[in-house]
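> Let the sequences and hints guide you as you build the complete structure.
There are 2 protein chains.
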Amino acid sequence: MMKIISFITILILFDFYPHNIDTIAQSGGRYTIVIHGGAGYISPEISKEVKNAYLNSLKVALKLGKQILSEGRTSLDAVEQVIRFFENDSLFNAGKGAVFTSIGTHELDASIMNGIDLSTGAVAGVKTIKNPISLARLVMDQTPHVLFSGQGADNLGKKFEVEIVENHYFDIHRRYQQWKLKQQEDIKGTVGCVAIDNYGNIAAGTSTGGLTGKWPGRVGDSPLINAGTYADNNTCGVSGTGQGELFIRNTVAYNISALMKYKNYSLRESAQEIVFKVLPEGSGGIIAVDKEGNYALTFNTESMLRGVANSDGKFEVSIWK
Amino acid sequence: MMKIISFITILILFDFYPHNIDTIAQSGGRYTIVIHGGAGYISPEISKEVKNAYLNSLKVALKLGKQILSEGRTSLDAVEQVIRFFENDSLFNAGKGAVFTSIGTHELDASIMNGIDLSTGAVAGVKTIKNPISLARLVMDQTPHVLFSGQGADNLGKKFEVEIVENHYFDIHRRYQQWKLKQQEDIKGTVGCVAIDNYGNIAAGTSTGGLTGKWPGRVGDSPLINAGTYADNNTCGVSGTGQGELFIRNTVAYNISALMKYKNYSLRESAQEIVFKVLPEGSGGIIAVDKEGNYALTFNTESMLRGVANSDGKFEVSIWK
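Sequence order for the protein chains is C and X.
Going by our numbering, the first residue of the first sequence is number 243, and it counts up by one from there.
Going by our numbering, the first residue of the second sequence is number 243, and it counts up by one from there.
Don't read these hints as lab results, they were simulated from the structure.
Incorrect hints may appear among the rest.
Mimicking EDC-like on lysine to aspartate or glutamate, the simulated pairs with C-alpha atoms at most 20 Å apart in a straight line are [as the list claims (entries may be wrong)]:
hint, chain 1, residue 1, chain 2, residue 2
1, X, Lys305, X, Asp319
2, X, Lys503, C, Glu511
3, C, Lys301, C, Asp554
4, C, Lys505, X, Glu511
5, X, Lys563, X, Glu515
6, C, Lys293, C, Glu558
7, X, Lys533, X, Asp359
8, X, Lys519, X, Glu544
9, C, Lys503, C, Glu534
10, X, Lys533, X, Asp554
11, X, Lys503, X, Glu515
12, C, Lys556, C, Glu313
13, C, Lys505, X, Glu515
14, X, Lys533, X, Asp319
15, C, Lys519, X, Asp359
16, X, Lys519, C, Asp359
17, X, Lys301, X, Asp319
18, C, Lys503, X, Glu511
19, C, Lys372, C, Glu408
20, X, Lys505, C, Glu515
21, C, Lys563, C, Glu287
22, X, Lys372, X, Glu405
23, C, Lys503, X, Glu515
24, X, Lys556, X, Glu313
25, X, Lys505, C, Glu511
26, C, Lys533, C, Glu511
27, C, Lys503, C, Asp359
28, C, Lys372, C, Asp319
29, C, Lys290, C, Glu558
30, X, Lys503, C, Glu515
A few chain X positions that, by computed beta-carbon distances, are all more than 12 Å from chain C [stated by the list, open to error]:
hint, residue
31, Leu423
32, Asn440
33, Glu534
34, Asn542
C-beta atoms are modelled at their ideal positions from N, C-alpha and C, and glycine is treated no differently.
Structure representation (structure tokens):
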């Protein structure tokens, strides 16, 4: 938390114009950002402390993204930095809070996509990369390929000199108990962010530790463009969370874009069609932003940790319907 | 080759009805099958021997698939067996003929999809699986997941007791020379098969060794549903071959289905839209079959090793336009 506050402080210190937050917001022009911390079943009877912890993390993440966009920086930067924040926060099933596989290890997935030119980068099954979303961005920016998996992806991280950690770094007592007790996670905890910046560029990203007790090598939808993540400046950007296999089979993220492109659906209509008619109830949700800055936070589960902010002053985080 | 002839002989011996090929064809009702052995640039000046070797392999593969369908077996069986044949034939960049990675190893990818219920299985980056397509089918049939990558996928193969080989099994002198000389493969050599059986079920599959000199861990479109492979009984089945990164970014296989579903395009119109308008020239091709048994063999390269057969007696293999 202190690191984030320091980071924001540094951003503000390096901004030489003597303006307050409101004038910064104006300087970045128009933008919209949406975030999620996973769709699932959080009991409405959780303690006030747990509820506030979730809401506080969502607020800090959203504020970070809003700050980046309001300074006129890109949606790609906002998406990467927000997801890095989630990855470093053990509340979420991504980075530090990643769940355990069936053999007691951690395998992480992430993807990022740039709506300007459909360029994209992703990593699947990495074991030693502290922030998979940043390696995904390096795959996009620095390699001729779009997806790396397994040991090759970890080696790539070393080559690019991203922060490397022992696999045990991802051990969290709460996740360990879930694994030992063979508990299904009460919330999936995958994280995602989608934003459109003042230049009309849409970016989307997703990061996850996958399913508690997943078989080693299992890849879900989060590192797969079209399934878990998608961005196209002509339509929308999407990040999904839920039962990954269903998201892959139903091409969820791309399909929301396809309905807009091919059937002239609005973002809301597309999201509702896919989340309520194509996907079965209880399977997950999506966050999305379209090229006009409209947004959708659509889920068929009891809860989805989520937030939205825009240049008109909207700033909301929520858990239940 | 002898093994294949023996296999066909066994199929015939175990067919107790005293009928010839024509009556077998009738017993299987209506079907269509298309195959590919990669899109790329085969010089029209290749020797007669090389040309005949390609055409002969295509014929044997197509005959095998036709035989299975004509006996009333499923399109899934036809797709798996045809791709196994290609994987065992060192002419193609899949299984035995897989190209070398930048560090002199082999990493193989494959996927299969069932149009009945969108179920699918895939493996990425396997190093010891003789027939990746059959492990992909086991992922689909026997696990709750759809995609396994890296060591976890190889371990799954051991668990399912598929045939395991040393990575050196995939060493082929011709591929070694390409790698040593840092030659781009003159033809990509990815293989695929799509079929519709008499029950109206569409199946599609793809298998590849990837790109010569690819970075270890790189995953292309072949193991990715929506990008390299897709099948939906309501529209069509597709298998792609070409520059995988472009196929992923443009959701090629699913997009052909989406244009039929959302814009009522014919299979031919969909295939032409994606291959000639969305993909850049020289990037690859697709084979596809729709729910009526129509087919498309569409490519924007000089050549695509391909074939088509159906229950109306069509049986064609070709290389160039």
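> Next, verify each hint and record whether it holds.
These are the hints, each one checked on the structure:
1. Proximity of lysine 305 of chain X to aspartate 319 of chain X is assessed by CA-CA distance (about 14 Å); at most 20 Å being required, the pair is judged to hold.
2. Of the supplied pair hints, the one linking lysine 503 of chain X and glutamate 511 of chain C holds, its CA atoms being roughly 17 Å apart against a limit of 20 Å.
3. For a cut-off of 20 Å, the pair hint linking lysine 301 of chain C to aspartate 554 of chain C stands: about 17 Å separates their Cα positions.
4. The suggested pairing of lysine 505 of chain C with glutamate 511 of chain X holds, with an alpha-carbon distance near 17 Å, which does not exceed 20 Å.
5. This hinted pair checks out: lysine 563 of chain X and glutamate 515 of chain X have alpha carbons roughly 18 Å apart, not beyond 20 Å.
6. About 15 Å separates the Cα atoms of lysine 293 of chain C and glutamate 558 of chain C, which keeps this hinted pair within 20 Å; it holds.
7. Pair hint lysine 533 of chain X plus aspartate 359 of chain X holds up; C-alpha atoms about 14 Å apart against a cutoff of 20 Å.
8. Between lysine 519 of chain X and glutamate 544 of chain X, the direct Cα distance comes to roughly 17 Å. Compliance with the 20 Å bound is thereby established for this hinted pair.
9. Between lysine 503 of chain C and glutamate 534 of chain C the CA atoms are separated by roughly 14 Å; this keeps the pair inside 20 Å, and the hint holds.
10. Restraint check: the Cα-Cα separation between lysine 533 of chain X and aspartate 554 of chain X comes to about 16 Å, which is no more than 20 Å; the hinted pair holds.
11. Taking the CA atoms of lysine 503 of chain X and glutamate 515 of chain X, the gap is near 14 Å; set against the 20 Å cutoff, the hint holds.
12. Among the hinted pairs, lysine 556 of chain C with glutamate 313 of chain C is consistent with the structure: their alpha-carbon atoms are about 17 Å apart, no more than 20 Å.
13. For the suggested pair lysine 505 of chain C and glutamate 515 of chain X, the alpha carbons sit about 16 Å apart, so the restraint of at most 20 Å is met.
14. For the suggested pair lysine 533 of chain X and aspartate 319 of chain X, the alpha carbons sit about 18 Å apart, so the restraint of at most 20 Å is met.
15. Under the criterion of a C-alpha separation no larger than 20 Å, the hint pairing lysine 519 of chain C with aspartate 359 of chain X is consistent with the structure, at around 16 Å.
16. Taken as a hint, the lysine 519 of chain X and aspartate 359 of chain C pair is honoured in the structure, with Cα atoms around 16 Å apart against an allowance of 20 Å.
17. About 18 Å separates the Cα atoms of lysine 301 of chain X and aspartate 319 of chain X, which keeps this hinted pair within 20 Å; it holds.
18. Among the hinted pairs, lysine 503 of chain C with glutamate 511 of chain X is consistent with the structure: their alpha-carbon atoms are about 17 Å apart, no more than 20 Å.
19. For a cut-off of 20 Å, the pair hint linking lysine 372 of chain C to glutamate 408 of chain C stands: about 9 Å separates their Cα positions.
20. Taken as a hint, the lysine 505 of chain X and glutamate 515 of chain C pair is honoured in the structure, with Cα atoms around 16 Å apart against an allowance of 20 Å.
21. A threshold of 20 Å between alpha carbons decides the hint, and for lysine 563 of chain C with glutamate 287 of chain C the separation of about 14 Å falls inside it, so the pair holds.
22. Taking the CA atoms of lysine 372 of chain X and glutamate 405 of chain X, the gap is near 6 Å; set against the 20 Å cutoff, the hint holds.
23. At most 20 Å may separate the alpha-carbon atoms for a hinted pair to count; lysine 503 of chain C and glutamate 515 of chain X meet this at roughly 14 Å.
24. Between lysine 556 of chain X and glutamate 313 of chain X the alpha-carbon distance is near 17 Å, which keeps this suggested pair within the 20 Å criterion.
25. For the proposed pair lysine 505 of chain X and glutamate 511 of chain C, the alpha carbon gap of about 17 Å is at most 20 Å, so the pair holds.
26. This hinted pair checks out: lysine 533 of chain C and glutamate 511 of chain C have alpha carbons roughly 15 Å apart, not beyond 20 Å.
27. Restraint check: the Cα-Cα separation between lysine 503 of chain C and aspartate 359 of chain C comes to about 16 Å, which is no more than 20 Å; the hinted pair holds.
28. Between lysine 372 of chain C and aspartate 319 of chain C the CA atoms are separated by roughly 18 Å; this keeps the pair inside 20 Å, and the hint holds.
29. For the proposed pair lysine 290 of chain C and glutamate 558 of chain C, the alpha carbon gap of about 18 Å is at most 20 Å, so the pair holds.
30. A distance of roughly 14 Å separates the Cα atoms of lysine 503 of chain X and glutamate 515 of chain C; the hinted pair therefore holds under the 20 Å criterion.
31. With a least CB separation of 19 Å from chain C, leucine 423 of chain X remains clear of the 12 Å interface cut-off, as annotated.
32. Distance check on asparagine 440 of chain X: its Cβ is at least 25 Å (rounded) from any Cβ of chain C, clearing the 12 Å threshold; non-interface status holds.
33. Interface exclusion of glutamate 534 of chain X from chain C stands, the closest Cβ pair being 21 Å apart, more than 12 Å.
34. With 12 Å as the threshold on Cβ separation, the claim that asparagine 542 of chain X sits away from chain C holds: the shortest Cβ distance comes to roughly 18 Å.
Of the numbered hints stated above, none is contradicted by the structure.
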